[in-house]
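Protein chains: 2
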Amino acid sequence: MTYCVGVLVEDGLLMIADTRTNAGLDNISTYRKLHMFNEADERVMMLASAGNLSMTQSVVSMLHEGVDDEETEGPPPRLRDAPTMFKAAQLVGRAIRRVREIEKAGFEAANLRMEVSFLFGGQIGTEPMRLFMIYSAGNFIECSRDAPFLQIGEHKYGKPILDRAVTFETDLYDALKVGLVSMDSTMRSNLGVGLPIDIAVLRRDRLDLEVNYRIEAGESYFHDLRERWSAALRAAHRAIPRPPYGPPR
Amino acid sequence: MTYCVGVLVEDGLLMIADTRTNAGLDNISTYRKLHMFNEADERVMMLASAGNLSMTQSVVSMLHEGVDDEETEGPPPRLRDAPTMFKAAQLVGRAIRRVREIEKAGFEAANLRMEVSFLFGGQIGTEPMRLFMIYSAGNFIECSRDAPFLQIGEHKYGKPILDRAVTFETDLYDALKVGLVSMDSTMRSNLGVGLPIDIAVLRRDRLDLEVNYRIEAGESYFHDLRERWSAALRAAHRAIPRPPYGPPR
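Chains as they are written, first to last, in the working numbering: chain A, 1 to 249; chain B, 1 to 249.
Incorrect hints may appear among the rest.
To be verified - In silico negatives: residues of chain B with every beta carbon more than 12 Å from chain A:
| # | residue |
| --- | --- |
| 1 | ASN27 |
| 2 | MET36 |
| 3 | GLU73 |
| 4 | ARG80 |
| 5 | GLU108 |
| 6 | ASP171 |
| 7 | SER220 |
Stated by the list, open to error - Over 10 Å on every C-beta distance to chain B, these chain A residues come out as not near it, computed from the model:
| # | residue |
| --- | --- |
| 8 | GLU10 |
| 9 | SER58 |
| 10 | GLU71 |
| 11 | PRO75 |
| 12 | THR84 |
| 13 | ASN111 |
| 14 | MET114 |
| 15 | MET129 |
| 16 | ARG145 |
| 17 | ASP174 |
| 18 | LEU180 |
| 19 | SER185 |
| 20 | SER189 |
| 21 | ALA217 |
| 22 | SER230 |
As the list claims (entries may be wrong) - Examples of chain B residues lying across from chain A (beta carbon under 7 Å, computed):
| # | residue |
| --- | --- |
| 23 | THR167 |
| 24 | PHE168 |
| 25 | VAL211 |
| 26 | ARG214 |
| 27 | ALA236 |
| 28 | HIS237 |
| 29 | ILE240 |
| 30 | PRO243 |
| 31 | GLY246 |
These are computed hints drawn from the structure, not numbers from a lab.
Yeah, the Cβ is synthetic: ideal placement off N, Cα and C, and Gly gets one too.
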């Protein structure tokens, strides 16, 4: 399993991705799922992946080397050459479809599901900063001011806190904090999501990552956040009065 | 959608079930999903249902009237006659299979899924109090001291708080409180789960329900619980220090 969340607020963009992959319960590994496509002072793009690892890795490689599908005339387009984030998201979609074409027969023969999804966000030059979720079919949606976050993978455990705590006006590092709480809730309830966690933060109109960091097991801030959150939840439900429905105590 | 949770702690058993059903997004109704099979001073059994409403209603009716499957010799057995909770859970499973047999051809012709699940718990006489989750195939699992709660329906949003806050030693009404917080989290993140909520509480070795109550929209305790929980979560994530990963503020 996987859990990745992307948040686009007024101040900028962040992504958080776990690194656990599994092929069956007895084959668990650590793979990076948060990928960067950066050209200093020109563009910063981040791509987080969920789903079949062979497919998502091929999509990432193809976006680096060029997408050689039938729409292509001239050299296969690379993500680093896309003029806008919208066209870049379209290219991610094309790469997904191209990988599907290539792998389809083999997957069908092995009765494997071709499920992948991506979060894709960033900024190119003076174009607007944008955040997309791209589906297995290569189509995509964009996050909005009303719903400033997107999730892929095992998203339900960690959604309630995001629903409550993140708006477009939320401070960038507060949003990162809430995203880490969301990741913590997911990790506690689903063993398929685990440390280390990759995080990236991009401030709006600064074409250079402000944070590009891996949180390893035992890292002090995240450990402290988990402890504080647990303690606060315990205190929170203890502070709520006893339900009045039963007989007097 | 549906969300139901059952908790079996040292002091007793509780169930919480929402009442929202939908056939498509434009056909939303309120149906009771928490059903009682009580004989005063002799047995209290509660059954919460998720999945296809026509199937779950037929299962409940059949458990009242008797399960007329091919295993039956003599009068079709009713839930009120089951000598132990284990045999009662088996009978629920038989009722599910019998309804599947009856409805299978029609469901297949209409390309409908025969998905149902139940929480079933209670106590008969001096037999142990037990809580089961019964699947579409009629098989079932029982909750344990290590994992004293079971959920059906849209269970992921509300699982983190249960994972953190409920153990076998938790006070019965504290468990009810945490169950209501779990229901609140689910309702906030999934519109398919909604008020009113039915709750039932049975103290161990008292063969009479201590609570059998419907929480309607606007009910003051639950409204207050939701407000307090929201405020406490806001305070909790605000109290966590800012992540140290970015540049100094």
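Quick rundown of the hints versus the structure:
1. Every C-beta of chain A lies more than 12 Å from that of ASN27 (chain B), the closest at about 24 Å, which supports listing it as non-interface.
2. The beta carbon of MET36 (chain B) sits about 15 Å from the closest Cβ of chain A, which is more than 12 Å, so the claim that it is off the interface holds.
3. Once the 12 Å rule is applied to beta carbons, GLU73 (chain B) is consistent with being away from chain A; the minimum gap is 43 Å.
4. At roughly 25 Å from the closest C-beta of chain A, the C-beta of ARG80 (chain B) stays outside 12 Å, upholding its exclusion from the interface.
5. Residue-level check passed: GLU108 (chain B) sits 22 Å from the nearest beta carbon of chain A, beyond 12 Å.
6. Non-interface status of ASP171 (chain B) relative to chain A is broken: a Cβ of that chain comes within 12 Å, the nearest being about 8 Å off.
7. In this structure SER220 (chain B) is not separated from chain A by more than 12 Å, as the shortest Cβ-Cβ distance comes to only about 9 Å.
8. With 10 Å as the threshold on Cβ separation, the claim that GLU10 (chain A) sits away from chain B holds: the shortest Cβ distance comes to roughly 16 Å.
9. With a least beta-carbon separation of about 30 Å from chain B, SER58 (chain A) lies farther than 10 Å from that chain, consistent with its non-interface assignment.
10. Every Cβ of chain B is farther than 10 Å from the Cβ of GLU71 (chain A); the closest lies at roughly 35 Å, confirming the non-interface assignment.
11. Distance to chain B confirms PRO75 (chain A) as a non-interface residue, since its nearest Cβ pair spans about 37 Å, more than 10 Å.
12. Chain B leaves THR84 (chain A) outside its interface by the beta-carbon criterion, the shortest separation being 27 Å against a cut-off of 10 Å.
13. Once the 10 Å rule is applied to beta carbons, ASN111 (chain A) is consistent with being away from chain B; the minimum gap is 21 Å.
14. Residue-level check passed: MET114 (chain A) sits 22 Å from the nearest beta carbon of chain B, beyond 10 Å.
15. The Cβ of MET129 (chain A) sits about 17 Å from the closest Cβ of chain B, beyond the 10 Å cut-off, so the non-interface label holds.
16. With a closest Cβ-Cβ approach of about 19 Å to chain B, ARG145 (chain A) is found to remain outside the 10 Å limit, as its non-interface label requires.
17. Not every C-beta of chain B lies more than 10 Å from that of ASP174 (chain A), the closest at about 7 Å, which undercuts listing it as non-interface.
18. Once the 10 Å rule is applied to beta carbons, LEU180 (chain A) is inconsistent with being away from chain B; the minimum gap is 7 Å.
19. A cut-off of 10 Å between C-beta atoms contradicts the statement that SER185 (chain A) is not in contact with chain B; the least separation is 4 Å.
20. Once the 10 Å rule is applied to beta carbons, SER189 (chain A) is inconsistent with being away from chain B; the minimum gap is 5 Å.
21. Listed as a non-interface residue, ALA217 (chain A) keeps its Cβ farther than 10 Å from every Cβ of chain B; the least gap is roughly 17 Å.
22. A beta-carbon of chain B comes within 10 Å of the beta-carbon of SER230 (chain A); the shortest separation is about 6 Å.
23. Interface restraint check for THR167 (chain B): the shortest CB-CB distance to chain A comes to about 12 Å, outside 7 Å, so the restraint is violated.
24. The closest approach between the C-beta of PHE168 (chain B) and any C-beta of chain A is roughly 17 Å, which is over the 7 Å cut-off, so the hint fails.
25. Here the hint on VAL211 (chain B) is kept, as its CB sits about 4 Å from the closest CB of chain A, short of 7 Å.
26. Evaluation of the ARG214 (chain B) hint against chain A yields a violated restraint, the C-beta minimum of about 10 Å exceeding 7 Å.
27. About 3 Å separates the beta-carbon of ALA236 (chain B) from the nearest beta-carbon of chain A, less than 7 Å, and the hint is met.
28. Interface restraint check for HIS237 (chain B): the shortest CB-CB distance to chain A comes to about 6 Å, inside 7 Å, so the restraint holds.
29. The beta carbon of ILE240 (chain B) comes within 5 Å of a beta carbon in chain A, closer than 7 Å, and the hint placing it at the interface holds.
30. At its closest, the beta carbon of PRO243 (chain B) sits 5 Å from a beta carbon of chain A; the interface hint therefore holds under the 7 Å criterion.
31. With its C-beta approaching chain A no nearer than about 5 Å, GLY246 (chain B) sits inside the 7 Å limit, and its interface hint holds.
Hints 6, 7, 17, 18, 19, 20, 22, 23, 24 and 26 from the list above are not met by this structure, while the remaining hints are.
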